[in-house]
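Visitor: Top line first, the protein sequences correspond to chains A and B. For the first sequence, my numbering assigns the number 486 to the last residue and increments by one with no breaks. For the second sequence, my numbering assigns the number 259 to the last residue and increments by one with no breaks.
Keep in mind that the hints were calculated from the coordinates and are not lab data. One or more hints might be untrue.
[Unchecked claim] 27 Å max Cα-Cα, derived DSS-like pairs, lysine-lysine:
{"id": "1", "chain 1": "A", "residue 1": "Lys445", "chain 2": "B", "residue 2": "Lys176"}
{"id": "2", "chain 1": "B", "residue 1": "Lys63", "chain 2": "A", "residue 2": "Lys476"}
{"id": "3", "chain 1": "A", "residue 1": "Lys274", "chain 2": "B", "residue 2": "Lys176"}
{"id": "4", "chain 1": "B", "residue 1": "Lys187", "chain 2": "A", "residue 2": "Lys280"}
{"id": "5", "chain 1": "A", "residue 1": "Lys274", "chain 2": "B", "residue 2": "Lys63"}
{"id": "6", "chain 1": "B", "residue 1": "Lys187", "chain 2": "A", "residue 2": "Lys424"}
{"id": "7", "chain 1": "A", "residue 1": "Lys447", "chain 2": "B", "residue 2": "Lys187"}
{"id": "8", "chain 1": "B", "residue 1": "Lys187", "chain 2": "A", "residue 2": "Lys450"}
{"id": "9", "chain 1": "B", "residue 1": "Lys176", "chain 2": "A", "residue 2": "Lys282"}
{"id": "10", "chain 1": "B", "residue 1": "Lys187", "chain 2": "A", "residue 2": "Lys282"}
{"id": "11", "chain 1": "A", "residue 1": "Lys374", "chain 2": "A", "residue 2": "Lys359"}
What you are looking at is a predicted structure, and each value in this text was computed from that prediction instead of being measured.
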Amino acid sequence: MHTQEEEFYRAILIVAAVVGTILLYFIITAIRYHRKSIRMHKDKIQAEIDTLENERRRIASDLHDELGPLLSAVKLQINNIETVGEQDQQLVVKSSQHIDSIIQKLREISNNLMPNTLLRKGLKSGIEELAETYKKASRLEIKFNCDQEIRLDQNKEINLYRIVQEVLHNTIKHSGANLLLISLRKDDNRILLATADNGKGFDYFSKSKELKGLGLRNLQSRTEVMGGELICNSQPGKGVTYIFDIPV
Amino acid sequence: MTNEVQFILSLCIGFTVIIGIVKFKRIDRSYYPFFYLACISLLVEIISYVLIEKEMYDEKTVMINVFCFIEFVFYTWLFHLWGLFNFNRRLFIFINLIAFLMWLVFSFYPEGFTKPNMYFRVIYATALLFFAVTTFNKVVIQDRAPLFKNPKFWIILGIIIFFSFYLLSRTASLSLFGIDTSRQLRRGLQEVINYSNLIVNLMFAIGALCIPRKKNFTGLF
Ligand SMILES: Nc1ncnc2c1ncn2[C@@H]1O[C@H](COP(=O)(O)OP(=O)(O)OP(=O)(O)O)[C@@H](O)[C@H]1O
Ligand SMILES: [Mg+2]
Numbered sequence: 239m240h241t242q243e244e245e246f247y248r249a250i251l252i253v254a255a256v257v258g259t260i261l262l263y264f265i266i267t268a269i270r271y272h273r274k275s276i277r278m279h280k281d282k283i284q285a286e287i288d289t290l291e292n293e294r295r296r297i298a299s300d301l302h303d304e305l306g307p308l309l310s311a312v313k314l315q316i317n318n319i320e321t322v323g324e325q326d327q328q329l330v331v332k333s334s335q336h337i338d339s340i341i342q343k344l345r346e347i348s349n350n351l352m353p354n355t356l357l358r359k360g361l362k363s364g365i366e367e368l369a370e371t372y373k374k375a376s377r378l379e380i381k382f383n384c385d386q387e388i389r390l391d392q393n394k395e396i397n398l399y400r401i402v403q404e405v406l407h408n409t410i411k412h413s414g415a416n417l418l419l420i421s422l423r424k425d426d427n428r429i430l431l432a433t434a435d436n437g438k439g440f441d442y443f444s445k446s447k448e449l450k451g452l453g454l455r456n457l458q459s460r461t462e463v464m465g466g467e468l469i470c471n472s473q474p475g476k477g478v479t480y481i482f483d484i485p486v
Numbered sequence: 039m040t041n042e043v044q045f046i047l048s049l050c051i052g053f054t055v056i057i058g059i060v061k062f063k064r065i066d067r068s069y070y071p072f073f074y075l076a077c078i079s080l081l082v083e084i085i086s087y088v089l090i091e092k093e094m095y096d097e098k099t100v101m102i103n104v105f106c107f108i109e110f111v112f113y114t115w116l117f118h119l120w121g122l123f124n125f126n127r128r129l130f131i132f133i134n135l136i137a138f139l140m141w142l143v144f145s146f147y148p149e150g151f152t153k154p155n156m157y158f159r160v161i162y163a164t165a166l167l168f169f170a171v172t173t174f175n176k177v178v179i180q181d182r183a184p185l186f187k188n189p190k191f192w193i194i195l196g197i198i199i200f201f202s203f204y205l206l207s208r209t210a211s212l213s214l215f216g217i218d219t220s221r222q223l224r225r226g227l228q229e230v231i232n233y234s235n236l237i238v239n240l241m242f243a244i245g246a247l248c249i250p251r252k253k254n255f256t257g258l259f
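Input sequences plus hints: build the corresponding full structure.
Guide: This is the structure in structure tokens:
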């Protein structure tokens, strides 16, 4: 190279170095902001879920602990009413029955809001109870398969329970399936929750982008706050399979 | 860098090809253009080495001219599958049609078909840079998985880095157009590309390693 060419080449190399530095800076800032935005996002949905669950817990315990005893007292008082005629007697019995069913409904609602079994006996029993309830109420057959006792920290248990609940709701509401399999397994350091129905299936990506319902989004965000992974496999006509892979 | 060293270093793209062959059946289809292109690149590297050894420079130039267009098609296809054009197939085809027309024009202008189509190279590299940056913002930043484990992060970053230096070197050559330059200078400019190519091939290999397998569904039924 002549001197002129050498100078030109040196200038090119300098420019290359500058471009390289800019690229490096770009990468580093991209990584840092990405991390930050993930953290903020996670905090946000965690806060949303916390608010939701705390509210539910409060309402559930208010219903159960405050209205329950009150209604029981009312029932006692009604039963103690001195009746004169046959008609009055029947009225009292009817009212007492109504109060019974109110108490029953109240218990159901409160249990739905924050399942007692889940809190007391853990995830496995919670889901078993859920499956029992829905088996009675719908023509869907539910097979729950879990051969170990699993105890996790309560937030995770609630999240997993809500996931199962939503999958169950969706299966009943949309899939037209008559069989839902749920299996829960704990490996060394992760929880695997898998469900499969034999219904009509749907396209997960397009539906979750439509943002019509909250259900699918909740599945995603609950999986996300637990740091897990959601895999949905579904083809039209072949049912829906979910796998939730959650680290513990 | 001698020809041999350059050739051996450029074979680094082979890592990506090997990983691709091993994983091919178990990965998402949206990565296929990337692996097709890696195979084609490897082939082009080998053929151009052979052609240089045989001193068939015109043939080599023609091949590279064609390869530029192929590269553009495959990268835009990749970006298309990743959602750059909002999955709008017409737009994707339209863009490639325009690229083809440009390629045709710049194959014969300002020099013949056997000379490097420098203008096209500058244009396609610029376009790919823009596409890559947009895809990066659209796909990689939106993804909430850690960046280092995101194959798209490595692949797109590789594309951005490669075409930045490519553009730099090519515009430099273009500005020397018509000036009688020494062989060393041209080689020197080529070397900027060679080194960035090396880094980028390694990044591609990392990206290929990161591509997750499609999960197997051990049948519940
Ligand atoms: N198991 C399933 N089988 C078939 N389609 C389903 C299934 N689960 C969900 N879908 C489809 O996905 C859509 C979105 O479900 P998502 O749970 O988000 O909303 P939703 O159930 O309609 O409302 P929400 O859950 O907020 O009460 C549903 O409208 C339905 O079309
Ligand atoms: Mg729902």
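Visitor: What are the numbers of the hints that this structure violates, sorted from low to high?
Guide: 5, 8
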